[in-house]
Every structure is written in structure tokens, then in C-alpha cells.
Amino acid sequence: SQTIHQWPATLVQPVGSPLSLECTVEGTSNPNLYWYRQAAGRGLQLLFYSVGIGQISSEVPQNLSASRPQDRQFILSSKKLLLSDSGFYLCAWSGGAIGYTFGSGTRLTVV
Amino acid sequence: AQTVTQSQPEMSVQEAETVTLSCTYDTSESDYYLFWYKQPPSRQMILVIRQEAYKQQNATENRFSVNFQKAAKSFSLKISDSQLGDAAMYFCAYRENTGNQFYFGTGTSLTVIP
Chain A
48 SQTIHQWPAT LVQPVGSPLS LECTVEGTSN PNLYWYRQAA GRGLQLLFYS
98 VGIGQISSEV PQNLSASRPQ DRQFILSSKK LLLSDSGFYL CAWSGGAIGY
148 TFGSGTRLTV V
Chain B
9 AQTVTQSQPE MSVQEAETVT LSCTYDTSES DYYLFWYKQP PSRQMILVIR
59 QEAYKQQNAT ENRFSVNFQK AAKSFSLKIS DSQLGDAAMY FCAYRENTGN
109 QFYFGTGTSL TVIP
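If you're matching them up, the sequences are chains A and B in order.
Per my numbering, residue 48 is the first one in the first sequence, and the count goes up by one each step.
Per my numbering, residue 9 is the first one in the second sequence, and the count goes up by one each step.
Calculated from the structure, these hints are not laboratory results.
There could be a bad hint or two in this list.
[Unchecked claim] Stretch-level coverage of chain A by chain B, calculated; a stretch enters the list once three of its residues show a Cβ under 8 Å from a Cβ in chain B:
#, region
1, 93 to 101
2, 120 to 127
3, 148 to 154
We put the beta carbon where it would ideally sit given N, CA and C, even for glycine.
Please model the complete structure; the sequences and the hints are all you need to start from.
Written as C-alpha cells, this is what we have:
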């Protein structure tokens, strides 16, 4: 069966520090992968999605970037975090009509 | 652009009663998928139910059912015999048949009153 792993679960980082969140999928090949951000009490904002290795689409211009170095690995990064980057980050994969399967999320607090 | 609207930011229901959460969407496509996701306090997103637009029959999963009105572009979720564990944020989502992206509503926070 397919599983998705996302880490870390919680992260507190100072302003200006770098960021790296990792997401990996098991049990499937060539998945569509997504990064979402959810601000407190709000809906989901699509940040990036990828349909294959090295293929990244950005939905929102921002301080973040994404990379897909391997088929089942999706990384969200920042060189210098801003206070406004705080939020709950969710990775997801899509295998078609079954909808998204989400990771357990990362709560990022920038201080 | 496709939009998904959930007009009820908050809802409450008495335990064992029935509640309906509303969702409307805007699209010019004829073939697409609709979903309801549940996000409990743990914030793990869980797929509750999905509906294929080409199917006229409303989807049902145990106590969860939908009322899909394609012409009206409406996709409501009915929760029967509400339980305390149903308390969560519920998100409606849309995806085109050939698209890569899901479009989410802003969510409805459901409280279940014991």
C-alpha cells in the first residue's frame, strides 16, 4: 500500500535561517506531489506541485522553493525564513481519481 | 479559474443528530471530481468521500453522504448520527478530470455537542 512520510513534525526556526522540509512516498511510482501551506484558522494554499523529477510548478511567488531530486522525494526549502513563513505545511500525493493522500504535516514557527 | 465556496465557516450539531455542510463550485468543465476532506485537531487531512461528476448517483460512505447537484454546481455533505469524533474542520475540494491541481474551499469548522 502507498504511504507518505513527512518530517519533521514540528520546527521552530529563527528569522533568516534556512529551511528544509522533506516528503517521501512509498508504494507508488511517478506520483504527482504537492506542497500546501495552511495558515492558522484558514484554508489550504497550494505552494508547489510536481509531475516528475525536476519538474516543479510554483503557484505563489514567495520566499520558498521546491525540488524533486528523486521520483518519490519532494523537498520544500528556503534560504532565509521570514516571520510570515510560519504555518502548517502539508505534503500530498495524487494517484488519480482517489484524491490526495496527505502527510501528517509540519508545524513551522518562525521566531 | 475554478473556485470552491464553503459559505458556513462554523456549524454545530447535537450528538446523534444530522448536519449538512454546504459547498458550491464554479467550473466550465463537464468531467471532474469532488471531494470532502476532514481535518481533526491532529491536523491530519483525511479523505471522507468523493464523487465523480459523470455519476448521477450520490456517493455514500457509512454515515456520510453527499447531495450532488451538477446543474446547480452544489456538493453538500450530510453527516448522520453525528459522533463526537466527527468534530473537525471539513474541506470541500474540486479537481478536473485531466488536471493536476485540487481546489479547496476555506473550510467549515464542525462542533459536535454532547
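### Message
When the structure is checked against the list of hints, which entries are broken? Sort them ascending.
### Response
Structure breaks hint 2 only.
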